[in-house]
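2 protein chains.
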Amino acid sequence: MEKTAIIGVAQTKQLRRNVKQNFAEMVYEVTTAALADAGIEIKDIDNIVTVSNDFWDGRTISSMAIQDACGAYEKNVSTVEGDGTFGAHYALTRILSGSYKNTLVVAHSKGSESDTNLITNGMFEPIFTRPLGLDNLTSAAMQARAYMHAFGAKEEDFAEVSVKNHGNALKNPYAQVAKKVSVADVMASRRLADPLKLFDVSPISDGAAAMIISGDEFTRSLRGGKAKPVYIKGAAFYSDAYDLGLRDLARSPALKLAAEKTYSMAGIKNPAKDVDLAEIYDAFSYMELMWYEGLGFCGEGKGAEFMKSGATQINGALPVNASGGVLSAHTVIAAGLIRMIEATLQIRGDAGAHQLDKKINTAIAHGINGPCGQAHCVWALGSSI
Amino acid sequence: MEKTAIIGVAQTKQLRRNVKQNFAEMVYEVTTAALADAGIEIKDIDNIVTVSNDFWDGRTISSMAIQDACGAYEKNVSTVEGDGTFGAHYALTRILSGSYKNTLVVAHSKGSESDTNLITNGMFEPIFTRPLGLDNLTSAAMQARAYMHAFGAKEEDFAEVSVKNHGNALKNPYAQVAKKVSVADVMASRRLADPLKLFDVSPISDGAAAMIISGDEFTRSLRGGKAKPVYIKGAAFYSDAYDLGLRDLARSPALKLAAEKTYSMAGIKNPAKDVDLAEIYDAFSYMELMWYEGLGFCGEGKGAEFMKSGATQINGALPVNASGGVLSAHTVIAAGLIRMIEATLQIRGDAGAHQLDKKINTAIAHGINGPCGQAHCVWALGSSI
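Those protein sequences? They're chains A and B, same order as listed.
Per full-length UniProt numbering, residue 1 is the first one in the first sequence, and the count goes up by one each step.
Per full-length UniProt numbering, residue 1 is the first one in the second sequence, and the count goes up by one each step.
Rather than coming from a laboratory, the hints here were simulated on the basis of the structure.
Accuracy of the hints is not assured; some may be wrong.
Stated by the list, open to error - With a straight-line cut-off of 25 Å between C-alpha atoms, the simulated DMTMM-like cross-links for lysine to aspartate or glutamate are:
id	chain 1	residue 1	chain 2	residue 2
1	A	K180	A	E155
2	A	K256	B	D46
3	A	K261	B	E41
4	B	K20	A	D243
5	B	K256	A	E74
6	B	K256	A	D44
7	A	K261	B	D68
8	B	K3	A	D46
9	B	K101	A	D216
10	A	K43	B	D248
11	B	K43	A	D243
12	A	K302	A	D248
13	A	K101	B	E260
14	B	K154	B	D248
15	B	K261	A	E41
All of these numbers come straight from a predicted model, not from anything done at the bench.
In isolation and in its complexed conformation, chain A is listed as follows (with noise of 0.2 Å):
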């Protein structure tokens, strides 16, 4: 792969409800704020990848109405409807193609202005399945518990999950939910859908994200400048059934796909020793342990006990969430470009209070798509190549 860079970033405070901006609006804030971080300006973009959800924005063919919020006007400008990783892809392909030197991507969604669970109930097939009520939040109980039935894991591994995630979130100023507690309460918060109780579940969330993808000529005639490029290793993304009735729950064969396919690209041989930092999509506690998994942090089945040892720890030998994670904050759609930005800024050692205390040579940053973790996008950045 030639040699592409991620230049510029940017994300909103993370909200449960923004009051103040609109969706436009906030695509704005992180459109200038990721120019203005890679040191250039809106007439040096040279084209722009959108990503949004139409039932998110609550209007048809939302995509086109965010154009000019992140100044696409009369440039070429595309949209993806999913996580903002798939969408960066998108852009990084589009660089390596040669037509072009670099791509702006946008990820937002405001789920304060919407039904969460009535518009993932909405994402199941009409006529048998969205009747039983599936939504994105029963859908992981379900699995949840289809991966305890597995492996043995208990609900008091996913609590440590969120323990950690929380606790890290504290010194994240972007995380929406950020709290010290331990196993205990996290076993006595509510219980939404068994086995899940509410620190278990990501909250509903208003945000945006940007992210300046940039091919090495450009990159190079930054030289001098602000720009700080963190190099992109590797990246790859693979599908699983979308019918939950086709699929072994507890194991992600796309995930474990993804990451093979990207840690070949990025010469990561033994990825719990070769990889300093991994920002995950835990959308739910018990994720984070079967992504670990996917992964290849360690065996199948192995996640719990991979979490027990202290290696995600954010002082660990492979920080996992170092940023809160998104059961910090979960901006559905720009969620997991936020995982590449904040992977990103902790290469760069910019990530403030929660930088980690030693060099990174190589993080992952990881989205996932559909139900129950159906797709899965996996990166590998680093600062050199």
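Given chain A, put chain B in place with the hints provided.
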């Protein structure tokens, strides 16, 4: 640009109401047919782009529901919201990135199962603009009026496009509305939104389309097989402002920019002379005249004159919409991809009864997205490169 080709195409018959197939079944039909057209199997495909829209599918994250139907299980799959030409561009950049050998693009929608006026009313800004009752039809009527006002075009000029395209559709078995009508018939048809009448307006359609875009190495590996590659000479797209009040509705600078970039990639210097055929997105009859101008087939305001010259008739120097165009079948989301498929079939000599009586070296295909042609995507295709 590296050598890339379209190696397989398929479309369903476009119907007012397809009661026999749900959307996944239509997607399966075109996927298997496009693979057969290329003479390959699903295992030969290494990644997939699906094009869909949640509101038209009546479910959220609907893109995730068709991945099994298009064979994306345990493959790399991405989802684009918008016209199929934009999804095809994603496919193209993937191949040009060097990471993939080919990409299957699949687009579908079932207009019969939704309310197009309600959905397209939903594309406008909700507080000030949506309550005015703007939708695809009423906003198009405003654009038609603006165009008439700017250049003196008449309703009868628009009617001639309707006469030509509905007539061409008589020989296209995939078209939905095919009929021999006169200018007087169009003028006498029911007035839907002044100045647009029933025969000026594209129908609501159900359908799907699929296309396989291939890198040169894979294309060459098929030599001696069934595939008849059609080469991609150029492709580009640009967007205009979202808010209609910020635009000069009588002109399309975004189309002009997209055409100019495509022509420069394809080595087209004089479009009216160098282009042998165009399939363009005539959602309304007046649009075809405007797009002639944007595509540089004639000067600004000269669309009606160019139409009257006979150049764009099926036996003219530059036939436009030999298939019958979007006026004869408007499967939203798929309609632009079908323009590319029709251009491909004409170049291959596989267009059947509406095959042009000349060799086609260069064909143009065109898609639009957003209200009143906010974004335009232009492709140049040919039998050689």
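Hint check results:
no. : hint             : result
1   : A:K180 to A:E155 : holds, 18 Å
2   : A:K256 to B:D46  : holds, 17 Å
3   : A:K261 to B:E41  : holds, 22 Å
4   : B:K20 to A:D243  : holds, 22 Å
5   : B:K256 to A:E74  : holds, 10 Å
6   : B:K256 to A:D44  : holds, 21 Å
7   : A:K261 to B:D68  : holds, 21 Å
8   : B:K3 to A:D46    : holds, 23 Å
9   : B:K101 to A:D216 : holds, 23 Å
10  : A:K43 to B:D248  : holds, 22 Å
11  : B:K43 to A:D243  : holds, 21 Å
12  : A:K302 to A:D248 : holds, 17 Å
13  : A:K101 to B:E260 : holds, 19 Å
14  : B:K154 to B:D248 : holds, 19 Å
15  : B:K261 to A:E41  : holds, 22 Å
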